[in-house]
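There are 2 protein chains.
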Amino acid sequence: MKLLLTLASAAALSAPTRLPALAADKQLKTIFENNRRWVREEVKKDKDYFNRMASGQSPQILWIGCSDSRVPANRIMGLDAGEVFVARNVANQVIGTDMSMMSVIQYAVNVLKVPHIVICGHYDCGGVKASMENVDHVPPLENWLRNIRDTYRLNRQELDRISDKDQRTRRLVELNTLEQAFAVFKTGVVQRRRVQTYGSDQEPYTQPRIHAVVFDPGTGELKELNVNWKQELDKLGPIYNLYAPETAEARAERLGDGGAAAAAPPPVEPAKKKGLWGRLRG
Amino acid sequence: MKLLLTLASAAALSAPTRLPALAADKQLKTIFENNRRWVREEVKKDKDYFNRMASGQSPQILWIGCSDSRVPANRIMGLDAGEVFVARNVANQVIGTDMSMMSVIQYAVNVLKVPHIVICGHYDCGGVKASMENVDHVPPLENWLRNIRDTYRLNRQELDRISDKDQRTRRLVELNTLEQAFAVFKTGVVQRRRVQTYGSDQEPYTQPRIHAVVFDPGTGELKELNVNWKQELDKLGPIYNLYAPETAEARAERLGDGGAAAAAPPPVEPAKKKGLWGRLRG
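Those protein sequence lines, which keep their order, are chains B and L. Quick note on this note's numbering: the first sequence kicks off at 780 and runs consecutively. Quick note on this note's numbering: the second sequence kicks off at 780 and runs consecutively.
One copy or any two copies: either way a pair holds, since identical chains are not told apart in the list.
Straight line, CA to CA, 30 Å or less: simulated DSS-like cross-link-like pairs of lysine-lysine:
1) Lys-826 / Lys-892
2) Lys-824 / Lys-808
3) Lys-1002 / Lys-808
4) Lys-1002 / Lys-823
What the hints contain is simulated information worked out from the structure, not anything from laboratory work.
Please model the complete structure; the sequences and the hints are all you need to start from.
Dropping the structure here:
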């Protein structure tokens, strides 16, 4: 009990003011009423709306975001049901040992073949703020937050230089988002698909394409992080690349177009090898 | 590669028809344009909309749902940004060793003190369908799907009796949802909060209240599963209850209202002890 009290009194994790309506609605009748109204409205606008939904999904985006109630993916991006495959957890983490996220990415990339992965952080993130406190938020949550503390450590020099606490927190939100975007690149599933689609005639660009964005609940703005992907991935490639650059012969065999294609890509020079990850960004 | 091909050819996990617009939008300009339009519209309707968002979140519902793009929580329930804390993974699983989900539940229950947890499955669920195939969908996804195979096993007698494949799949969707709702009840975090709020004057009912619902993408309907909670939880309580029934003295001490309250709840009779979980449903 004492730990819970400590937790409740921590600034970042303060108990919310309660919106009375849904709390008082013991049976949650509101959501079922709202649902029936939504169905009526959609069918009125488009009588085939749900018939199309019945035929399966073909989302073009995997969204990896925070569980925070103020960050609903579809609304923020103005996209309809059926357009975004979604994973949400505390502080939008992409952790290599997290079977949940790894399964989501595998499904989205290998099965749905999404061309885009959007990893979205947000300012005023309770998880990020909690990770900046010297407080034990008790397991499993505290273990989860440790991944953000690790990101602080990787960027300590930059962060410690920011004297304003709010500004430092905002920057950690951005760096956390970026680090999770890198974590998406690290997965074998994503790298394999990018190798397969690199230079392929069947896709207009290497896929999946990864977008690091941050949402500001205070303004509603969704903005892309300013990243020099080439530079960042060139740095990380030598450690995290799981696939060596493809030889011309292997490419020809894969694409099944005989000798003609074999001549197309110039042989990879040793000096460029470590840049594969970056080049695959293309 | 061969495994991937096997996977792609499996009926439940077939590659989707591609919606061309977002796939062709390499920089995802669409979502940023949509976002700016959304901000303008919200501010036009209510100039303080984002100012309120800036002041933090106080969601009344934790939604645990599938990543499937056709099941966006807010839209289905007609709720606004700020009203639903969301966790989504493949086939809405609640697995005891999943740090991601356990952290989400801990945050939602201990910090946000949500009065409701909605666990939502949906018909035509790719994860559930995949779990009914004798196909190796390769790790980590296949390990993830095993949890649904386990639910099939627990309900084999009922499921094997349903000769129509579609009907059997629909029933497994329901049973999977129910089993994950039980898994929410199993957590110490939820049980502890329910013991704390049981009979408390500060809350109108024992919290969090758990709702098992299924969404039908083919009709848009969100429906509550027909469950005899008391009966189900009475069966499971003796195995999963982590807290013994509270004595009158302990309750008085906890509520800090001296001798008066101590007399209020009748002493728990041994025969009723195993029903605590069910009674706490109240």
